[in-house]
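Quick mapping for you: the protein sequence lines, in order, are chains L and V. Position one of the first sequence corresponds to residue 1 (my numbering), numbered consecutively onward. Position one of the second sequence corresponds to residue 1 (my numbering), numbered consecutively onward.
Careful, some of the hints might be misleading.
[Unchecked claim] Cβ-Cβ distance ranges computed for the label pairs, FRET-style: (1) V:Asp136 - L:Leu31: 42 to 52 Å; (2) V:Ile20 - L:Asp82: 30 to 40 Å; (3) L:Cys190 - V:Ile20: 39 to 49 Å.
[What the hints assert, rightly or not] Interface residues of chain V toward chain L, partial, derived using beta-carbon atoms under 10 Å: (4) His19; (5) Leu24; (6) Pro60; (7) Leu67.
Hints are computed from structural coordinates only; laboratory data are not their basis. By construction, the Cβ of each residue, glycine as well, lies at the ideal position given by its N, Cα and C atoms.
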Amino acid sequence: MRFLLNLLLMLVVALAIGFGVSWYALTDGRLFGAVQIGPWLAWTRAGSPAPDPYTRAYLARNGVLQLGLGEGMQFIATTDSDGQPLSRACRYRIDGNTPTATFWTLVPTAPDGAMIARADGPPGFQSARIARANDGSAQLYVSKSLAPLNWLEITGDGPFQLLLTLYDTTVFSSAGTGDNSLPSIIREAC
Amino acid sequence: MVRTLLYLVGGVLLGLLIHIMVILTLPGLAGHNVAAKLASLGQLNKPLLFDAVSPGKPNPLRLDPELTYAMCRLDLRAGPGEVSGTLPLAFWSVAVYDPSGTVLYSTTNRDGIGQTLDLGVFDPGQTRLLAEQKIDIATGLLIVESKGDDVFVVVRLAPPQPAMRDRYADQLSKLVCRNLKT
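Just chain V, same shape as in the assembly (with noise of 0.2 Å):
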């Protein structure tokens, strides 16, 4: 008796163990994450608009019908990223996202930002040469570090009436996304 409870003592700490493992290691073993997604869509530096939400159509990222979205791909291996354009005077954000869905930083136009967005992406390399004042960069542009050099940026923005998507979205294509020149 006393040997079975041991052994259901064990069962219980080995479970514990098995849920640790499952998860610290299920970010990397997760075949539909957020990067796996987003990997097939768009090409590197050319902003991509998502598709508008449709009824009873799959809708894998969650998007929020309301709200239009692009995208930028971008790779810091040939130099800082940039994403940079005018939006409408309407309520918009950007997030960058590292390969695993991490959001790395965010921020909307409510922090007086106002229509102009203009945001450089530094991996830690070019961070230093930034600090070191060796990276000219444009006065006002917001900079962001990250670890990796695989980001994606992805911009919301809210039209205030469905009639008006569409002009929101012709905004969100003439956003250019590139590297910097170092």
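Okay, chain L solo, but in the shape it has when bound (with noise of 0.2 Å):
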């Protein structure tokens, strides 16, 4: 009886780590192969040509057409910049500089990757079409409801996520300035 017990014990902890691990490394990634920019994620091998174990596995399980490395860099942020889940209830400030690139877009999905922006207006944000500071940085808002400078208006209710697509860019790679820096996600009102 106690063998049995024992013999279930161990397979419980193997399959909870086994399985949970995996599930972890695949959806957070940081620990194996995702870098983190505050709430920005990125796979940095997912579009070379050899990618490592984790970034193969990764491909498989999203199945999304990802960019080569030679054509960007895309990021993702579930969270806002303290940490907390981006909701459609709220209005978010992206505020800041993003690494040089010859343009970006800022695209929010639902989780699913569907779009969620207004249907008779623009998808997303696109680099050469928001209004900028004297600085050059940017200030965009994303929100149900109206909001001050670059507005994009999203629809119905529940999680969503910012994709953040820097093309032709030396965000991480040796050419690079060295300043990685993104924008930072600012819950503003709910």
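Hints in hand, dock the two standalone chains.
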């Protein structure tokens, strides 16, 4: 009887660790191949010709058409800068500069990737089509309610994520300036 | 007590083994990877324009709604693949994928290519023939080597303004995807 209990305990521990760590590795990924800058997460080897096993598993699990390393880099934020999950009930200010890139886009989506911007409006922000301050920085607002400056109206309820895609960028490359800072996501009102 | 502890340690070690197996086998077992999603789309040697991403609609490939996309599926068993065309004077990029979704090669028009895309994809045997100068190729052809014979090439084009999207998509649809004669 004791042998069976010990065996059961071993199996439970093995399955919990085996599948739990795998799920964590491919969801959060920070310890296994993803890089986090503030609230933004990127799998930096995803566009590489020789991705590591974790990145390869991440690509297989998500099935997304990944950007090549030579094309750019995509960052995903599911929380604001304070670590709170992004909610469509709140208004968010995205504030700051981006690393050097030919251009970038910022698109809010549902967790399954569906677009949530207003149907008859722009799908997201494009760096060449936003109002900027004299120092080049920009304040972007994402919310269901009216906001000043660069405002993107979103629809629906529930959680969402922000996809920041830098095209032709030097981020994480040796050719870069070393400034890999990304904008903050600040929750203003709910 | 000691025996229970040993079983716990055994469970941890077995768990790590399961974890490694999951990570290594997932790419082969995943049913909804990029290849599965693209397999039913388009024909060989014919450019396929992806539909624009619409609000509220699924976006399984996570395409950027600001961009226009075209894809060519190539089978290198019939000869080296070539994707060529003239693209508008705006940002565009090209990436070559293998069936697992791994990017074999990618570049942008900022790398001195200009408006003309002329990309050749060769398998290892064809690359050897190329090195032996047994395959004639045009000067300036961008050469990419693929380990496998099934590849797909995706061209991303960024219209500066949404109103230009249709015109840019029309340019993308004129891409030529074919096998080179050997």
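Tell me, in ascending order, the numbers of any earlier hints that this structure violates. none
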